[in-house]
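*Asks:* Following our numbering, the numbering of the sequence shown begins with 45 at its first residue and continues without gaps.
These are computed hints drawn from the structure, not numbers from a lab.
Every value quoted in this text rests on a predicted model; they were computed, and no experiment measured them.
Heads up, some of the hints might be wrong.
DSS-like, lysine-lysine: derived pairs with alpha carbons at most 25 angstroms apart [to be verified]: (1) 49 with 82; (2) 77 with 52; (3) 287 with 301; (4) 63 with 52.
For each label pair, taking beta carbons as the anchor points, the in silico distance ranges come out as [what the hints assert, rightly or not]: (5) 239 with 204: 31 to 41 angstroms; (6) 180 with 105: 18 to 28 angstroms; (7) 53 with 249: 19 to 29 angstroms.
C-beta atoms are modelled at their ideal positions from N, C-alpha and C, and glycine is treated no differently.
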Amino acid sequence: MIRLKPQKLQRPWTKEELKKLLNKYKDNKPHLKRLLRKIFADPQNIDLMGWYLYPHHYTIESAPFHKELFDDACMIFEGYNVGLAAPRGSAKSTKINLVFMTYLILNEIYHFILPISDTISQSIEFVNTLKDELASNKKIKWLYGDMIGPRWQNGNFITSTGIKVMARGYGSKLRGLKFKQYRPELLLFDDFENDEEVMNIEQREKKKAWFTRAALPSLAKGCKALVIGTILHGDALLMKIMKREGEFSSWHTHLWKYLHYTEDEQGYKKYYSLWPAMYDVDKLFAIYRDWE
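Using the sequences provided together with the hints, build the complete structure.
*Replies:* So this is what it looks like as structure tokens:
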């Protein structure tokens, strides 16, 4: 079970409001710390927390869809398995594997989390990025204290607050895994499929079987999985989740595309970019023409 279900405040904070707060209480650090921890405990402010803690990862303005990404990810707190699909280059891994994971850890929501990727090396890379930030980020140390706990290894760590994060890869043994008395309380799948394997029907079925028969049953009672990635094939596991086929019928899902449009009564289409600060519409059309 989760330690604590996050609670929403009356409304999300804006970046401008946070800047004013930082300036107002710059000479009263204890009070500022209390306010920031309260603000960053609200799941509505996860992207704002990321902007404050990780300016080196926020060099390009976030898109509205990134707020949606966090809102959808938070549906795990409402008892849903969650599947999210977005294009490559949309910063979904940074937002989820770093920022969302940071939120979960700093607010002590779970005891035991397993990030899982197609290969163990991919998963270790994700976990090590998070681990390094928790260890060295000055803002995190000031707000939440020293996070380094009794285990601080490659792809595997325990925080000073008693939270274990352990990287796993496709095919890893998950059943029977425990941290103290806790079974895994969150499975976070990212880059779980690859371009070559997904073209083979036998490999697709094998991966789906491991996912449904080995991975998901390893979760603690009442806990859920979060799957993020890019659609690589019309019959890929992630696409089955997006369509909510069969055993995925109860999942909460969201699929984003880089280009979307609205159409008026005369049939005129107006196109929009998923992430305008990164790719404007003209650039996206140029990319699509090159693919063709």
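*Asks:* If a hint holds in the structure, say so; if it doesn't, say that too.
*Replies:* Hint check:
1. For a cut-off of 25 angstroms, the pair hint linking residue 49 to residue 82 stands: about 14 angstroms separates their Cα positions.
2. Restraint check for residue 77 and residue 52: satisfied, since their Cα atoms lie roughly 19 angstroms apart, inside the 25 angstroms limit.
3. Note on residue 287 and residue 301: the hinted pairing holds, with a Cα-Cα distance of about 15 angstroms set against a maximum of 25 angstroms.
4. Under the criterion of a C-alpha separation no larger than 25 angstroms, the hint pairing residue 63 with residue 52 is consistent with the structure, at around 21 angstroms.
5. Taking 31 to 41 angstroms as the suggested C-beta distance range, the pair residue 239 and residue 204 conforms, at roughly 39 angstroms.
6. Evaluation of the 18 to 28 angstroms hint for residue 180 and residue 105 yields a pass: the beta carbon distance comes to about 25 angstroms.
7. One distance hint, 19 to 29 angstroms for the beta-carbon pair residue 53 and residue 249, is violated here, with the actual separation near 45 angstroms.
Figure legend: structure checked against the earlier numbered hints; the only hint not met is number 7.
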